[in-house]
Structure formats: structure tokens, C-alpha cells
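Enquirer: Letter by letter, the chains look like this.
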Amino acid sequence: MTFVLLLIEGFYCVTVTYNLFRILIGLEVLIKAVTLFVIAAGYLSGHLALAQSIVITIIVIEVVVVVVAAGIILGFFREFDSLNVKNARRMKG
Amino acid sequence: MMLLSVLLILLVLISLWAVMTPLLLRAAIGLAATSALLTMIMYQLGAPLAAVFELSVCAGLISVVFVSVVSLTHRLPLKEFMKRRQSRIKRFVFLPLLLVAALAIMLTIKLPFSLNLPAADKISDVRVMLWNIRRIDLFGQIMALLAGVYGVLILFQGRKTDGD
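Quick mapping for you: the protein sequence lines, in order, are chains Z and S.
Residue numbers for the first sequence follow our numbering, so the first one is 4 and each next one is one higher.
Residue numbers for the second sequence follow our numbering, so the first one is 398 and each next one is one higher.
Misleading hints may appear alongside valid ones.
To be verified - Facing chain S, according to a computed beta carbon distance under 8 Å, are these residues of chain Z, among others:
(1) Tyr15
(2) Ile26
(3) Ile28
(4) Leu30
(5) Leu33
(6) Val37
(7) Thr38
(8) Phe40
(9) Ile59
(10) Ala73
(11) Gly74
(12) Ile76
(13) Leu86
(14) Val88
(15) Ala91
(16) Met94
Unchecked claim - SDA-like cross-link-like pairs, simulated, lysine to any residue; straight-line CA separation at most 25 Å:
(17) S:Lys487 to S:Leu552
(18) Z:Lys89 to S:Leu552
(19) Z:Lys89 to Z:Val37
(20) Z:Lys95 to S:Ala501
(21) S:Lys519 to S:Leu446
(22) Z:Lys89 to S:Ala501
(23) Z:Lys89 to Z:Thr18
(24) S:Lys480 to Z:Lys95
(25) S:Lys480 to Z:Asn87
(26) S:Lys487 to S:Lys507
(27) S:Lys480 to Z:Val66
(28) S:Lys480 to Z:Val19
(29) Z:Lys89 to S:Lys519
(30) S:Lys507 to Z:Lys95
(31) Z:Lys89 to Z:Ile76
Bear in mind the hints are in silico, worked out from the structure with no lab data behind them.
Ideal placement from N, C-alpha and C gives every residue a C-beta, glycine not left out.
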């Protein structure tokens, strides 16, 4: 149940906010929900070693996603002097 | 089991605070606290290696990245901050209500959690699983990390001026 509540929080945050940084926070909450689910599933099924190896993979990918997203956010801020995602409409393309 | 229940409730409450708080720095701290609580839950469930990774990487490294991003941006003027705060409160006020409604629905319908689980794993050592069985995943992780490093180099490089 906890993982469902975390999923709701993450989806709501990503959907409702206009701040790029807060979208990243919502994405992080979603990843936490998935991590919790994988560990709980491993615990219940007795495949805890497999679950841990999958969680380690998730964490590595999470770091890469967060660092690259942080770079994109900073580039966006330098360009528009704001983190409001509505400014993305002014971009070329 | 009592401790685990308390940790799970705290996890939901602190992540809710991280999502709803108006200041970005507090949101980053809330996320770090969420990671720390998730670490405790993992340890309680018997996954210490994943817990160590979660604590060191998610509560440590990612929090540093978040705080760096916040420090590299500047604050809004107070008037605009208060205006946006009111707008945020209006948008986020439904989230706690949504969570309570989802909890009530889940408690009412009582989802069938008694699944037919497969047999327990023969490999109980996570090191054997990670280095022997899922070796291909490790190569994938290394490639993802290298791609991330390359992306960061591209994104964080300074803008070239006419003099360069």
C-alpha cells in the first residue's frame, strides 16, 4: 500500500507542478516507490538476492538520470533565468 | 513488524512533505530523509547491501547534486514568491485528500495480496547474483554511467566566447 501512495505522490507532483526541479523531485519519489516495491516483492517471494541486484541497477541508473537532468535544469535556468517549464514553449524547434 | 509499519508511515509522510514544501532546499532535504527511511526499511526486510547503496548514493550523492542545483539558481523576489506560493497551495491541496481517499479505497476493497509465490531462490548471496548471474547487467550499468559522464561533460561545459 505504501508503494501505491508513493506512486500517487510522485505522479501528482510531476503532473501538477510547473517547476522543473520539482518535476525531478516527483520523479525521484516515483523511483523510490519502485525500489520499495522491488525489495518488498523479493522479500515476499524469497528472491531477495535477485531483488537487491535489481535495486543496485535501479540506483545506478537513477544517479545518471538525476545528474543529467540537473545539468539540463541548469542549462534551462541559464537560458531563461527561470525554472518554469512554460518557458520551454519559447525554445526553437 | 511494528517498527516496519512506523517506518512505512513515516516514509509516506516525509515524502509528502518533500513534495509539498514551498522551498526547494527543504524539498531536497525531505528527499534525503525519504532515502534514509527507505534504507531503514530495506535493512528491516533483510537487504543490507541495497540499503547501503541507497544510503550512500541516494541520500548522499543525489542530495549533494540537488543542493548544488538549488545553490546555482537564485531566489525569486518576495512578492512573486508569495504569489506563486498561493498558486502552489491551491494546486497541491488535493494531494493529501487524494492519498487519504486511495488509502480508504485500498483498505475497503482489500486487494488479494496472498499470491502464489514461486519457490525461494537457490542463490541467496547477492554478490554471486550480481557478479556471476547478472554480469551483463553490470556492463549495462557501466555503459549507462559512461553515457552519464559524457552527458554531464556536454551539459556543464562553459559557453565559448569570441575570445576562446
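Enquirer: For every hint, state whether the structure bears it out.
Expert: Consistency of the hints with the structure:
A distance limit of 8 Å between C-beta atoms decides the matter here; for Z:Tyr15 the minimum to chain S is near 5 Å, and the interface restraint holds. The restraint placing Z:Ile26 at the interface with chain S is violated, with a minimum CB-CB distance near 11 Å, outside the 8 Å limit. Annotation: Z:Ile28 was flagged as interfacial toward chain S, and the flag holds, the nearest CB pair being 5 Å apart, inside 8 Å. With a least beta-carbon distance of about 11 Å to chain S, the hint placing Z:Leu30 at the interface is violated under the 8 Å criterion.
This hint is violated: Z:Leu33 has a C-beta 10 Å from the nearest C-beta of chain S, more than the 8 Å allowed. Using the Cβ-Cβ criterion of 8 Å, the hint placing Z:Val37 at the interface with chain S is not satisfied: the shortest such distance is roughly 11 Å. Checking Z:Thr38 against chain S by beta carbon gives a least distance of about 7 Å; that is within 8 Å, so the hint holds. Given the 8 Å rule on beta carbons, the hint for Z:Phe40 is violated: about 11 Å separates it from the nearest Cβ of chain S.
Annotation: interface hint on Z:Ile59 holds; nearest CB of chain S at approximately 5 Å, less than 8 Å. This hint holds: Z:Ala73 has a C-beta 5 Å from the nearest C-beta of chain S, less than the 8 Å allowed. The interface hint given for Z:Gly74 holds, since its Cβ lies 3 Å from the closest Cβ of chain S, which is under the 8 Å cut-off. With its C-beta approaching chain S no nearer than about 6 Å, Z:Ile76 sits inside the 8 Å limit, and its interface hint holds.
For Z:Leu86, the suggested interface contact is upheld, since its CB lies about 7 Å from the closest CB of chain S, less than 8 Å. With a least beta-carbon distance of about 13 Å to chain S, the hint placing Z:Val88 at the interface is violated under the 8 Å criterion. At a threshold of 8 Å, the smallest CB-CB gap from Z:Ala91 to chain S is about 16 Å, leaving the interface hint violated. For Z:Met94, the suggested interface contact is broken, since its CB lies about 16 Å from the closest CB of chain S, more than 8 Å.
For a cut-off of 25 Å, the pair hint linking S:Lys487 to S:Leu552 is broken: about 35 Å separates their Cα positions. Restraint check for Z:Lys89 and S:Leu552: the C-alpha separation of about 21 Å stays at or below 25 Å, so the hint holds. For a cut-off of 25 Å, the pair hint linking Z:Lys89 to Z:Val37 is broken: about 29 Å separates their Cα positions. Distance check on the hinted pair: Z:Lys95 and S:Ala501 sit about 46 Å apart at the alpha-carbon level, beyond 25 Å; violated.
At roughly 18 Å between alpha-carbon atoms, S:Lys519 and S:Leu446 fall within 25 Å of each other, so this suggested pair holds. For the suggested pair Z:Lys89 and S:Ala501, the alpha carbons sit about 35 Å apart, so the restraint of at most 25 Å is broken. Simply put, Z:Lys89 and Z:Thr18 have alpha-carbon atoms about 13 Å apart, close enough for the 25 Å limit, and the pair holds. Distance restraint check for S:Lys480 and Z:Lys95: the Cα-Cα separation of roughly 29 Å exceeds the 25 Å cut-off, and the hinted pair is therefore not satisfied.
For the proposed pair S:Lys480 and Z:Asn87, the alpha carbon gap of about 14 Å is at most 25 Å, so the pair holds. Proposed proximity of S:Lys487 and S:Lys507 is contradicted: the alpha carbons are some 32 Å apart, above 25 Å. Restraint check for S:Lys480 and Z:Val66: not satisfied, since their Cα atoms lie roughly 33 Å apart, outside the 25 Å limit. A hinted pair counts as satisfied when its Cα atoms are at most 25 Å apart, and S:Lys480 with Z:Val19 qualifies at roughly 17 Å.
Only pairs whose Cα atoms come within 25 Å are accepted, and Z:Lys89 paired with S:Lys519 is rejected, the gap being roughly 52 Å. A C-alpha spacing of about 50 Å is found between S:Lys507 and Z:Lys95, which places the hinted pair above 25 Å, so the restraint is violated. Note on Z:Lys89 and Z:Ile76: the hinted pairing holds, with a Cα-Cα distance of about 13 Å set against a maximum of 25 Å.
Comparing the model with each earlier hint shows violations of hints 2, 4, 5, 6, 8, 14, 15, 16, 17, 19, 20, 22, 24, 26, 27, 29, 30; every other hint is respected.
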